[in-house]
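Undergrad: Sequence:
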Amino acid sequence: VSDGWQFYIRKFDSADAKHIETLVTHPGRGIVIEFLHSIVLGEVNYVVSGDMGSGKTTMEKALIGFMNPQYTIRTAETSFELNLNNLYPERDIHAMQERGDVTIYDILEASKKMDADIMVVGEVNAPKIAGAFVQVAQSGSRIATTTLHHKTTEALIEYFRNALVEMFGINDVLIAEK
1 VSDGWQFYIR KFDSADAKHI ETLVTHPGRG IVIEFLHSIV LGEVNYVVSG
51 DMGSGKTTME KALIGFMNPQ YTIRTAETSF ELNLNNLYPE RDIHAMQERG
101 DVTIYDILEA SKKMDADIMV VGEVNAPKIA GAFVQVAQSG SRIATTTLHH
151 KTTEALIEYF RNALVEMFGI NDVLIAEK
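Every letter in the sequence shown is one number past the one before it in our numbering, and letter 152, counting from 1, is 152.
Hints should not be assumed to be uniformly reliable.
[Claimed, not checked] Here are the computed lysine to aspartate or glutamate pairs in the EDC-like style, where the Cα-Cα straight-line distance is at most 20 Å:
1) Lys-112 to Glu-90
2) Lys-56 to Glu-43
3) Lys-151 to Glu-177
4) Lys-128 to Glu-77
5) Lys-56 to Glu-21
6) Lys-112 to Asp-92
7) Lys-151 to Asp-51
Derived from the structure by calculation, the hints contain no laboratory data. Since the model is a prediction, treat every value here as computed from it, not as a measurement.
Throw the hints in and build the complete structure from the sequences for me.
TA: Encoded structure:
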């Protein structure tokens, strides 16, 4: 798809994701870290959102460290970025990547039958995936989590709402938003 030769190198071990204290460094970090810890321990579905290069994936990796190590983790990614098997080799992690005719949407649909305590979507980057993520989050896994590129909570909720209306035929905007 390119007009010339290009290559990109991703450094997967460039940050110490196991230690959230290295990621959250401001003076009031204790409160923030405890809040994040309680979200994960409370088994709440969550989204890590921010600009490209802001550390969303690194933060996601750190938060996975708070999760019960006995839980099964399934990941669905466009391209392998999380590398959770390298970071947490003692855990039951099955990483999946879209290939050929098998899309992230297909992986998310199949994951509903995969004994997943935790479902991690590498990045929601299309309305169909956003709607599938919402379905997975409501379908029985203990925790569903993903990353997105929205700067405000309002923009994030609007994106998910619009995806449900556009791709999944929910006619009532208020129900989709809820």
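Undergrad: Lys-56 and Glu-43: Cα distance at most 20 Å?
TA: holds, 19 Å
Undergrad: Does Glu-177 sit within 20 Å of Lys-151, going by the straight-line distance between their CA atoms?
TA: This hinted pair holds, its Cα atoms lying about 18 Å apart.
Undergrad: Taking 20 Å as the top limit, are the C-alpha atoms of Lys-151 and Asp-51 close enough?
TA: holds, 7 Å
Undergrad: Checking one constraint from the list: CA of Lys-56 to CA of Glu-21, max 20 Å. Satisfied?
TA: Answer holds: Lys-56 to Glu-21 is near 15 Å, not above 20 Å.
Undergrad: For the pair supplied as a hint, Lys-112 and Glu-90, confirm whether the alpha-carbon distance does not exceed 20 Å.
TA: Answer violated: Lys-112 to Glu-90 is near 23 Å, above 20 Å.
Undergrad: Please work out if Lys-112 and Asp-92 have their alpha carbons no farther apart than 20 Å.
TA: The given pair, whose Cα atoms are some 17 Å apart, holds under the 20 Å limit.
Undergrad: Straight-line Cα separation of Lys-128 and Glu-77 no greater than 20 Å?
TA: Status holds; Cα separation ~14 Å.
When the structure is compared with the earlier hints, a violation turns up for hint 1 alone.
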